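Enquirer: Take these sequences, add in the hints, and give me the full structure.
There are 8 protein chains.
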Amino acid sequence: MPAEFPDVQAVMDWEREARTGLCEAVFAEGKTVACLAGILENAAAQSRRLLVTRLSTEVFGRLPAASRDALDYDEVSRTAILGPAPHAPDAHVAVVSAGMSDAPVAREVGRTLQFAGVGARQIADVGVAGLWRLMARLEEIREHRVVVAVAGMEGALFSVLAGLVSAPVIAVPTSVGYGVGSGGHLAFHSALGSCAPGVVAVNIDNGFGGAQAALRILNLLRPRDAA
Amino acid sequence: MPAEFPDVQAVMDWEREARTGLCEAVFAEGKTVACLAGILENAAAQSRRLLVTRLSTEVFGRLPAASRDALDYDEVSRTAILGPAPHAPDAHVAVVSAGMSDAPVAREVGRTLQFAGVGARQIADVGVAGLWRLMARLEEIREHRVVVAVAGMEGALFSVLAGLVSAPVIAVPTSVGYGVGSGGHLAFHSALGSCAPGVVAVNIDNGFGGAQAALRILNLLRPRDAA
Amino acid sequence: MPAEFPDVQAVMDWEREARTGLCEAVFAEGKTVACLAGILENAAAQSRRLLVTRLSTEVFGRLPAASRDALDYDEVSRTAILGPAPHAPDAHVAVVSAGMSDAPVAREVGRTLQFAGVGARQIADVGVAGLWRLMARLEEIREHRVVVAVAGMEGALFSVLAGLVSAPVIAVPTSVGYGVGSGGHLAFHSALGSCAPGVVAVNIDNGFGGAQAALRILNLLRPRDAA
Amino acid sequence: MPAEFPDVQAVMDWEREARTGLCEAVFAEGKTVACLAGILENAAAQSRRLLVTRLSTEVFGRLPAASRDALDYDEVSRTAILGPAPHAPDAHVAVVSAGMSDAPVAREVGRTLQFAGVGARQIADVGVAGLWRLMARLEEIREHRVVVAVAGMEGALFSVLAGLVSAPVIAVPTSVGYGVGSGGHLAFHSALGSCAPGVVAVNIDNGFGGAQAALRILNLLRPRDAA
Amino acid sequence: MPAEFPDVQAVMDWEREARTGLCEAVFAEGKTVACLAGILENAAAQSRRLLVTRLSTEVFGRLPAASRDALDYDEVSRTAILGPAPHAPDAHVAVVSAGMSDAPVAREVGRTLQFAGVGARQIADVGVAGLWRLMARLEEIREHRVVVAVAGMEGALFSVLAGLVSAPVIAVPTSVGYGVGSGGHLAFHSALGSCAPGVVAVNIDNGFGGAQAALRILNLLRPRDAA
Amino acid sequence: MPAEFPDVQAVMDWEREARTGLCEAVFAEGKTVACLAGILENAAAQSRRLLVTRLSTEVFGRLPAASRDALDYDEVSRTAILGPAPHAPDAHVAVVSAGMSDAPVAREVGRTLQFAGVGARQIADVGVAGLWRLMARLEEIREHRVVVAVAGMEGALFSVLAGLVSAPVIAVPTSVGYGVGSGGHLAFHSALGSCAPGVVAVNIDNGFGGAQAALRILNLLRPRDAA
Amino acid sequence: MPAEFPDVQAVMDWEREARTGLCEAVFAEGKTVACLAGILENAAAQSRRLLVTRLSTEVFGRLPAASRDALDYDEVSRTAILGPAPHAPDAHVAVVSAGMSDAPVAREVGRTLQFAGVGARQIADVGVAGLWRLMARLEEIREHRVVVAVAGMEGALFSVLAGLVSAPVIAVPTSVGYGVGSGGHLAFHSALGSCAPGVVAVNIDNGFGGAQAALRILNLLRPRDAA
Amino acid sequence: MPAEFPDVQAVMDWEREARTGLCEAVFAEGKTVACLAGILENAAAQSRRLLVTRLSTEVFGRLPAASRDALDYDEVSRTAILGPAPHAPDAHVAVVSAGMSDAPVAREVGRTLQFAGVGARQIADVGVAGLWRLMARLEEIREHRVVVAVAGMEGALFSVLAGLVSAPVIAVPTSVGYGVGSGGHLAFHSALGSCAPGVVAVNIDNGFGGAQAALRILNLLRPRDAA
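Protein chains in written order, with my numbering: chain A, 1 to 227; chain B, 1 to 227; chain C, 1 to 227; chain D, 1 to 227; chain E, 1 to 227; chain F, 1 to 227; chain G, 1 to 227; chain H, 1 to 227.
No lab work stands behind these hints, which were simulated from the structure alone. For clarity, every value in this text was computed on a predicted model and none was experimentally measured. Errors might be hidden in some of the hints.
Residues from chain A that keep clear of chain E, each with C-beta distances beyond 10 angstroms, as calculated [claimed, not checked]:
{"no.": "1", "residue": "Gln46"}
{"no.": "2", "residue": "Arg49"}
{"no.": "3", "residue": "Ser56"}
{"no.": "4", "residue": "Arg68"}
{"no.": "5", "residue": "Asp90"}
{"no.": "6", "residue": "Gly117"}
{"no.": "7", "residue": "Met135"}
{"no.": "8", "residue": "Arg145"}
{"no.": "9", "residue": "Phe188"}
{"no.": "10", "residue": "Ala201"}
{"no.": "11", "residue": "Gln212"}
Just so you have them, the derived chain B footprint on chain C, three or more residues with Cβ under 8 angstroms [to be verified]:
{"no.": "12", "region": "96–107"}
{"no.": "13", "region": "184–193"}
{"no.": "14", "region": "207–218"}
Idealized CB from N, CA, C, for every residue including glycine.
Expert: So this is what it looks like as structure tokens:
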């Protein structure tokens with residue numbers, strides 16, 4: 001390799017957490033195994049905690065054994081956590097998802113919150129095609145400070161839910177769907193074009209981002225100097 | 001004008017009704033006042049009934065007085081009916097609409113059905129952002145044979161409604177909305193990408209088409225030889 | 001796995017059929033083999049009938065032998081039926097398809113109807129590029145109560161057919177096509193922008209949904225208390 | 001005005017006709033009245049023939065009286081012809097249009113051909129929603145060397161027609177339609193995604209271009225040295 | 001008007017505020033002057049407070065004098081407030097906008113918050129093309145609990161701002177821009193595709209929605225029983 | 001398989017050639033090997049000629065040996081010809097292509113013409129980025145009756161070429177390109193939005209269709225009764 | 001107006017020119033007459049030079065007489081210059097445009113350069129449909145350091161030109177066109193998907209931006225310390 | 001193969017460099033191994049230098065050993081250089097990239113410049129989500145004559161950077177991103193819709209084109225006769 005092209009090397013921004021109150025994370029998709037292994041070794045050597053998202057089973061399996069052993073890996077959400085998870089006594093966030101196929105994204109929300117020491121309750125399979133399922137769990141949902149709603153297809157859950165609760169509702173559209181609903185753009189637009197006021201959204205399949213938004217909100221509940 | 005260009009003249013297809021059981025109608029948008037006046041005079045001379053859709057107040061006002069007097073014109077739905085309306089004793093169709101701005105399209109559905117001698121009940125302002133409004137009228141909706149649902153914005157009404165009734169649900173998306181919901185494409189895609197099975201849709205703002213679809217279905221309920 | 005993430009487990013909604021008159025089905029695409037196997041075992045243990053759609057040959061082959069043996073699997077439509085099929089004496093539905101490549105979707109319509117005990121006649125390869133093929137079978141098509149039209153590419157079949165029959169016409173656009181017709185969006189828009197009044201459509205490749213819409217209509221023909 | 005910005009002045013390319021066998025024309029839309037008047041005066045001074053397209057009634061009315069008097073103006077097609085029209089004994093081109101609203105574009109095709117001395121027959125209002133209308137005139141259409149098909153909405157006419165005739169079929173999609181069919185993109189894509197082989201298309205509402213394409217073809221029928 | 005079409009009449013949902021903690025508002029765009037006048041008279045008769053959004057100067061001018069006198073109308077944001085505004089002692093929300101043309105939307109955010117009794121500070125003209133302007137006011141922005149960012153064009157402000165503050169950042173994309181940035185879709189997608197984690201967005205030009213989202217968050221800071 | 005689902009079987013339309021003057025062809029993409037083998041055997045048994053398009057090397061290799069031996073297969077264009085090729089003495093068509101990657105589509109044009117007994121000359125690698133290459137072969141191109149232009153990326157070749165020749169120009173856009181040019185939509189739109197009058201286009205990568213359009217035109221040059 | 005909403009007031013960034021070497025300009029579209037008048041008065045009071053773009057004749061006419069008199073206004077490009085224009089001895093930039101309708105944008109390029117003291121030569125009406133027009137002026141174009149190419153419709157000029165000159169080519173796509181070419185997106189994508197290497201583009205109709213890009217390049221030719 | 005289809009053979013345009021000052025390069029994507037091998041052998045036989053772009057590791061591995069040995073291959077940028085690299089003493093170009101995943105494109109820029117004998121400095125991982133990283137290297141960036149900015153996702157880097165430097169800024173959007181940012185269209189539009197004046201862009205992932213644009217600019221700095 002010519003001298004003017006130094007090795008591609010990730011420079012983790014360990015100071016970010018201090019500055020913004022949000023934890024550092026690595027988006028694994030599109031990174032080589034070597035690059036990921038380097039990041040993990042570097043973090044381990046510095047005894048730092050780290051969240052890895054979009055880490056497929058296949059790539060996880062190709063990491064060095066030492067890295068694999070050090071990680072708490074969850075296949076469904078494709079997330080891995082390096083280092084100890086803080087104790088998260090109460091669930092402040094309700095993660096409400098529409099269908100079984102939305103589970104990976106809903107769980108990415110939960111794992112990101114877990115990494116940040118925030119408890120979350122998964123309320124799954126309450127899509128609006130069978131409205132009674134959502135109604136049956138409404139009181140339980142209302143007990144939480146923040147609601148993260150996860151849905152694909154036509155995303156009708158976002159409007160219905162936002163009309164029923166007064167808490168902040170963060171919509172995480174998923175790429176579940178086909179035909180006119182393929183790629184998640186329909187759910188995504190539904191979240192933003194919602195007839196229920198005050199729904200906000202993050203990018204398609206961005207469970208990590210939905211959790212980060214929840215964390216920004218929950219930060220407000222801490223004593224002011226911590227915000 | 002050169003001889004090879006004869007006058008543009010509408011040739012109404014008066015036999016269509018006999019063939020398909022669906023009534024003849026004129027889509028006024030994009031036609032000149034002279035063209036519309038000609039059609040109306042021709043129909044009146046033949047004592048034929050006629051439904052005119054998308055007839056703006058402004059164009060209606062510019063029609064000859066004789067035509068205006070012969071028409072039953074409704075400003076909200078921009079429809080005009082020429083000739084006697086048949087008696088429509090019972091309401092077989094529930095026209096369920098989400099918001100006040102959907103009224104023109106919902107009423108176009110009703111007027112088209114009225115022209116065909118079919119009764120319809122307007123159930124308005126039951127958008128899902130305030131779910132209780134829909135729930136309060138659910139039993140009433142269920143009494144009808146066919147449900148025509150009219151909604152713009154994110155169109156969540158279609159999914160919710162189809163999950164609650166077993167009758168045919170015909171979605172008529174409207175162009176009500178702005179930003180990501182402008183033009184009606186969001187409501188339209190939501191109807192088709194619905195998580196509730198068996199929802200069908202017609203074109204955006206196509207109240208006439210929604211009514212025609214309902215008529216095709218209701219035809220089945222007549223004695224077989226009439227279908 | 002952390003305690004707050006219970007196993008992803010499908011909770012079939014066995015009561016849906018009672019409520020809406022529509023049968024329960026499982027959309028296999030995007031579900032893991034383990035998840036599907038669990039659903040099938042659970043249904044078998046409860047002696048319930050079940051329709052599985054979008055079940056690829058590859059996934060079917062990886063199901064437990066017991067599940068495979070219990071299923072009536074059709075490779076072309078990628079559907080599987082668990083439990084006895086009801087007797088379907090007469091064909092009420094004509095499934096009219098444009099080209100050979102539309103066969104999988106047309107057959108998904110037929111299999112879904114079969115599962116619900118409704119007979120259907122497949123009228124294939126009658127695309128409008130060779131109009132005489134459609135004309136030759138027109139009388140046969142007209143004998144049915146409901147027409148489900150299945151077409152990809154530019155979807156001209158929908159308009160032509162709806163102009164020729166008075167029955168309800170449910171358009172099922174397919175993803176057959178390439179270039180400007182790729183993904184099925186062209187056929188899909190053609191169905192909705194049709195110049196023939198009263199055509200309704202479901203999502204692209206949604207043979208199951210087209211059948212469900214037909215069933216909602218046919219329900220109306222039963223004695224009223226069954227609707 | 002600073003010296004480096006000379007007056008915007010149209011330099012007509014009078015030699016184009018000699019080179020390509022296609023006549024010079026002026027697209028009026030977006031040009032100022034002054035600019036158009038200048039072009040017309042210049043052409044009149046040189047005794048040149050000229051076709052003006054997309055000339056609205058409003059702009060035509062604001063042209064100098066001398067220019068207006070010199071023009072053969074047709075309001076429907078918004079075309080004006082300067083200079084004598086050549087004799088066009090036989091109709092080689094069938095201009096087949098779907099609905100009344102397609103008349104302006106169909107007539108732009110005819111006027112452009114007329115300017116070039118080519119006869120055309122207008123066969124209007126034969127959209128496929130009422131197939132018998134097209135069938136009734138099929139033999140007449142087949143008598144022409146080239147077929148120009150003009151249709152908006154879902155453009156099903158293009159596929160049906162191309163399956164019925166062996167002549168070249170040039171599709172001119174129009175912007176007639178609304179909702180999913182608005183702007184003409186649906187008709188346009190249908191022309192290209194047609195299931196009938198050998199259909200070709202020009203831009204939306206481009207009646208002039210459709211005629212030019214027909215002229216390129218008809219040029220082939222002249223003695224070879226003229227091509 | 002036929003008897004089955006009752007007058008279109010808005011049924012305000014005065015109980016919504018009690019249920020969701022969010023105030024009732026009227027979206028004026030697309031409603032007739034008569035409809036709006038009726039709503040205002042009804043609200044005045046019941047001594048209710050009301051926020052009207054998207055009320056153009058032209059429509060405001062056509063309201064009855066009594067209605068106009070009762071309203072606190074702001075031309076820039078096109079909002080009107082009926083009834084007394086609550087005292088809003090401290091500014092909890094920073095409304096940060098990129099350019100002068102974003103002012104109407106930014107002010108709609110502020111007016112909606114004002115109506116709800118929440119103070120807001122407008123920090124305008126800090127687009128990233130001149131980064132020093134944003135940097136100069138960063139400390140001031142950080143003093144607020146919630147940040148509402150308002151930007152059109154390429155929406156780079158959202159990413160930059162979210163990387164600099166730890167508070168919740170609600171992006172309100174505006175339709176300011178032209179060419180590739182016309183309609184606000186570019187700013188809108190930038191907000192969601194942001195490289196800075198935890199940015200959330202509402203619909204294009206939806207200042208009201210951005211404020212409602214902020215109110216949902218600020219509700220959390222009240223004593224728990226009020227949420 | 002249930003009795004109501006007969007085997008999917010292609011019914012070749014051998015009479016089409018007689019009716020439209022266009023040959024029968026099979027689009028192999030999306031058809032199973034068994035289906036294709038059946039068609040080929042059936043055609044061979046009836047001693048019919050047949051053109052197969054979009055036949056990948058992989059699928060060709062899986063056909064029965066007897067079918068493979070009977071076919072004249074061309075790997076680059078993915079076309080196969082069954083039966084004798086007619087003698088094609090003169091080249092009436094110039095197939096002009098822009099880059100090396102357009103070769104497969106350009107050759108599909110040529111092979112389709114060859115199957116119909118029409119000679120074609122391939123003029124490759126004359127994209128406009130190096131205009132001198134096109135200029136150097138312009139006289140050669142002008143010797144042909146019809147020009148089929150094949151180009152991907154931004155498709156500038158279509159406009160330039162149509163400005164230089166008076167013959168019919170049929171644009172075949174290809175899916176060669178990436179980023180803004182991916183999928184062929186850019187080349188496709190360029191062909192239709194061309195500033196040179198009279199360019200016509202077929203679908204993306206549709207070399208077969210481009211050739212069929214040329215054949216429709218060349219049919220006109222035969223003695224009239226053959227058209 | 002409530003106290004917390006100060007008057008919307010433009011704060012011109014007079015220091016920008018010093019920092020970036022690019023002059024300050026005001027985009028008039030979407031700003032009120034009052035706002036523009038304020039900016040102009042403020043600039044005049046400080047004896048500052050100012051370029052106003054997108055200033056329509058109608059808005060210009062409504063400015064105070066004093067402002068109008070102080071401005072050098074050009075109707076075609078909709079630009080106004082306040083203050084003295086620097087001497088621009090040589091033309092370093094060739095502004096090459098395709099059609100007459102591209103003149104306003106081409107002239108905006110020229111006026112922006114003029115304001116910056118850079119000479120430009122307008123080479124108009126050299127679209128590629130008549131290639132000889134471009135060829136006839138190629139040597140003249142090659143004499144300039146930078147080429148700004150202005151074209152709408154299919155934008156083929158960009159590729160052809162970039163293949164013929166070695167200077168930097170800045171493409172300014174215009175919104176000239178209709179149908180598939182409407183809005184300028186086709187020309188815009190053509191510029192970027194060009195087969196000629198090294199073409200760069202700015203936003204649609206952004207003549208100001210094209211000139212600014214040219215100025216950034218020409219800055220490099222000044223003695224280094226000025227860059 | 002029939003005689004009329006000569007072998008597809010690349011005719012390299014070795015004279016291009018002389019004409020335009022830009023080097024010849026081969027875009028490997030979509031070319032067969034045999035085609036590439038032929039080009040390389042031909043170039044080697046003529047002792048010509050050659051740049052190959054988009055050459056995947058997999059295709060590189062399948063080239064003949066002699067070709068592989070003759071190439072300087074870089075896996076990250078997927079580029080190969082045949083022949084000696086000229087000496088490039090000083091870095092005139094700053095290649096500024098936003099994230100680790102943009103490295104392949106950033107390096108393609110660098111390798112193309114290296115092939116042309118122009119030095120470049122890679123300034124990586126300075127995305128705006130952590131603005132301090134960009135600020136820390138701003139002075140270093142300002143030392144270069146031309147800035148090539150490489151970013152995916154929402155592409156906010158382009159606007160921020162162009163507001164901070166006066167040099168030409170060439171934006172190379174990358175396809176890094178997902179959901180609303182997938183495919184690179186968001187970054188691409190952000191570059192063009194930028195609020196900072198004078199940003200220009202090339203196609204998505206087009207590092208080669210970005211470098212060619214820089215070379216066109218740097219050519220201006222050579223003594224005039226070399227341009």
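Enquirer: Would you mind marking each hint as holding or not holding in the structure?
Expert: Hints, verified against the model:
{"no.": "1", "hint": "Gln46", "result": "holds, 21 angstroms"}
{"no.": "2", "hint": "Arg49", "result": "holds, 16 angstroms"}
{"no.": "3", "hint": "Ser56", "result": "holds, 21 angstroms"}
{"no.": "4", "hint": "Arg68", "result": "holds, 26 angstroms"}
{"no.": "5", "hint": "Asp90", "result": "holds, 13 angstroms"}
{"no.": "6", "hint": "Gly117", "result": "holds, 16 angstroms"}
{"no.": "7", "hint": "Met135", "result": "holds, 15 angstroms"}
{"no.": "8", "hint": "Arg145", "result": "violated, 6 angstroms"}
{"no.": "9", "hint": "Phe188", "result": "violated, 7 angstroms"}
{"no.": "10", "hint": "Ala201", "result": "violated, 6 angstroms"}
{"no.": "11", "hint": "Gln212", "result": "violated, 3 angstroms"}
{"no.": "12", "hint": "96–107", "result": "violated (count 0)"}
{"no.": "13", "hint": "184–193", "result": "holds (count 3)"}
{"no.": "14", "hint": "207–218", "result": "holds (count 7)"}
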